[in-house]
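Visitor: Residues per chain, in single letters:
There are 2 protein chains.
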Amino acid sequence: MAFDAVVLLSGGLDSYTAAAMVQRQGFTLHALSVRYGQRHAIEMAAARAVAQSLGVARHVEIDVDLSAFGGSSLTGDTPVPKDRDIDRAEIPSTYVPARNTVFLSIALGWAEVLGARDLVIGVNARDYSGYPDCRPEFIEAFERLASVATAAGVNGASFTVHTPLIQMTKAEIITTGLSLGLDYGLTHSCYDPAPDGRPCRRCDSCVLRALGFAEAGAIDPVLAS
Amino acid sequence: MAFDAVVLLSGGLDSYTAAAMVQRQGFTLHALSVRYGQRHAIEMAAARAVAQSLGVARHVEIDVDLSAFGGSSLTGDTPVPKDRDIDRAEIPSTYVPARNTVFLSIALGWAEVLGARDLVIGVNARDYSGYPDCRPEFIEAFERLASVATAAGVNGASFTVHTPLIQMTKAEIITTGLSLGLDYGLTHSCYDPAPDGRPCRRCDSCVLRALGFAEAGAIDPVLAS
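Chain order of the listed sequences is A and B.
Going by the numbering used here, the first sequence opens with residue 1, and the numbers climb by one from there.
Going by the numbering used here, the second sequence opens with residue 1, and the numbers climb by one from there.
Incorrect hints may appear among the rest.
[Stated by the list, open to error] DEER-style ranges, computed between Cβ atoms:
1) Arg-24(A) / Ile-91(B): 33 to 39 Å
2) Ala-57(A) / Lys-82(B): 49 to 55 Å
3) Leu-178(B) / Asp-4(A): 45 to 51 Å
4) Asp-183(A) / Thr-78(B): 39 to 45 Å
[Stated by the list, open to error] One side of the interface only, derived from the structure: several residues of chain A facing chain B at Cβ under 7 Å:
5) Val-56
6) Val-60
7) Leu-108
8) Asp-133
9) Arg-144
No lab work stands behind these hints: they were computed from the structure.
Quick caveat: nothing in here was measured; it's all calculated off a predicted structure.
Each residue gets a CB set at the ideal place from its N, CA and C atoms; glycine is no exception.
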């Protein structure tokens, strides 16, 4: 029998690859995308395309307007940084406070309703070491929380948060995804795209994606088109 | 100097009392109310009245539509149970999976933006022992998570989740609130009110409230009016 897993799908290439890897293990995917006050509808369109391509059992979109609090260039009205030194050991202004905690909490609620014990998130501690909620210690603390936060946990169940990408480089992620036949032309990574959706090529997310494709020796279909 | 605290305000008497108790300790309150797919706007109107009465610095209302998943009589379309034996050791159908995890996660995001290290939630392990996310072990696990989930935590800060009601009976909560001069006529507790807002008097929340007022030797102003 197939087990159910709730996967957080952003429309980017990381969550797409993580979802596909867990799907290959035999899980039936239930995809969750959270609109948290992003400036752009493009991410959600990409998430829908990715969900359809994966053939998920269901794709739910939920609104949580974290922009009500400000505190991030991804949700507020400060500019997204460009041409930043991505090796600097600071937390960039694109950090959204408690974002992955909120996302995993909502995924946990859905998992409990489904009777699922598995969550999937495409976090990566290596290329995004600046974000605290992408680290293994965060994931472990969330698994502990899930076991005491839920009726299932009280009844003895434990939850697993799958993070297949957590120690991979962007190039390894891309190589893995391409070997699984994923169409990265469906994905969107840019933090600050042009009105027509074209990536800016200068934000952290664009720079890391370009470096990853270059190192993988592959062409980014989003830029090729 | 006053410290900031983010308090979850539902419009019920528990969160109102918890907020007032922490305010008396000298905290400046920032109130957060989450519309999670409740059937009734009455709770939000009560939350607004309570926030105003407390004189909070700011009151933010956020939508998170947990009814997308179903799984609860509070968000789904199954009936709210009436005349239930409230001493039964089962988790009632009014349980909303991962609700307090979602609420505290959003509060944590706001706290980090504010530079606050204190959260307040009016959970009660005694009268609501059926809900897993009202227990001390849940609160402790969330505090541990917060310290690894946030930029503030990475920089050495720790977060405190204040639960002043966690071991109190409903009568003790009411007695405490009345001694602080709280106006419980502003609050709303019923899970299934009539269209004009009157409480049903038969759901768990109405029954526990009535028992609490009776044991406290006080009149519930909501029923007296």
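Visitor: Is it true that Arg-24(A) and Ile-91(B) lie within 33 to 39 Å of each other by Cβ?
Guide: Once the Cβ atoms are compared, 35 Å apart, the range 33 to 39 Å for Ile-91(B) and Arg-24(A) holds.
Visitor: Does Leu-108(A) meet its interface restraint, that is, does its C-beta lie within less than 7 Å of any C-beta in chain B?
Guide: 4 Å, holds
Visitor: A range of 39 to 45 Å was offered for this pair. Does it hold for the Cβ distance of Asp-183(A) and Thr-78(B)?
Guide: 41 Å, holds
Visitor: Let's test the interface hint: is any C-beta of chain B closer than 7 Å to that of Val-60(A)?
Guide: 5 Å, holds
Visitor: At a threshold of 7 Å, is the proposed contact between Val-56(A) and chain B supported by beta-carbon distances?
Guide: At about 15 Å, which exceeds the 7 Å cut-off, the nearest Cβ of chain B leaves the hint on Val-56(A) violated.
Visitor: Hint Arg-144(A) vs chain B: min CB-CB distance below 7 Å?
Guide: Holds - the Cβ of Arg-144(A) comes within 7 Å of chain B, reaching about 5 Å at its closest.
Visitor: Looking only at beta-carbon atoms, does the pair Ala-57(A), Lys-82(B) fall within the given range of 49 to 55 Å?
Guide: Violated - the Cβ-Cβ distance for Ala-57(A) and Lys-82(B), about 34 Å, lies outside 49 to 55 Å.
Visitor: Taking the beta carbons of Leu-178(B) and Asp-4(A), is their distance inside 45 to 51 Å?
Guide: 48 Å, holds
Visitor: A closest beta-carbon separation below 7 Å is what the hint needs, so does Asp-133(A) meet it against chain B?
Guide: Holds: closest Cβ of chain B sits about 5 Å from Asp-133(A), inside 7 Å.
Hints 2, 5 from the list above are not met by this structure, while the remaining hints are.
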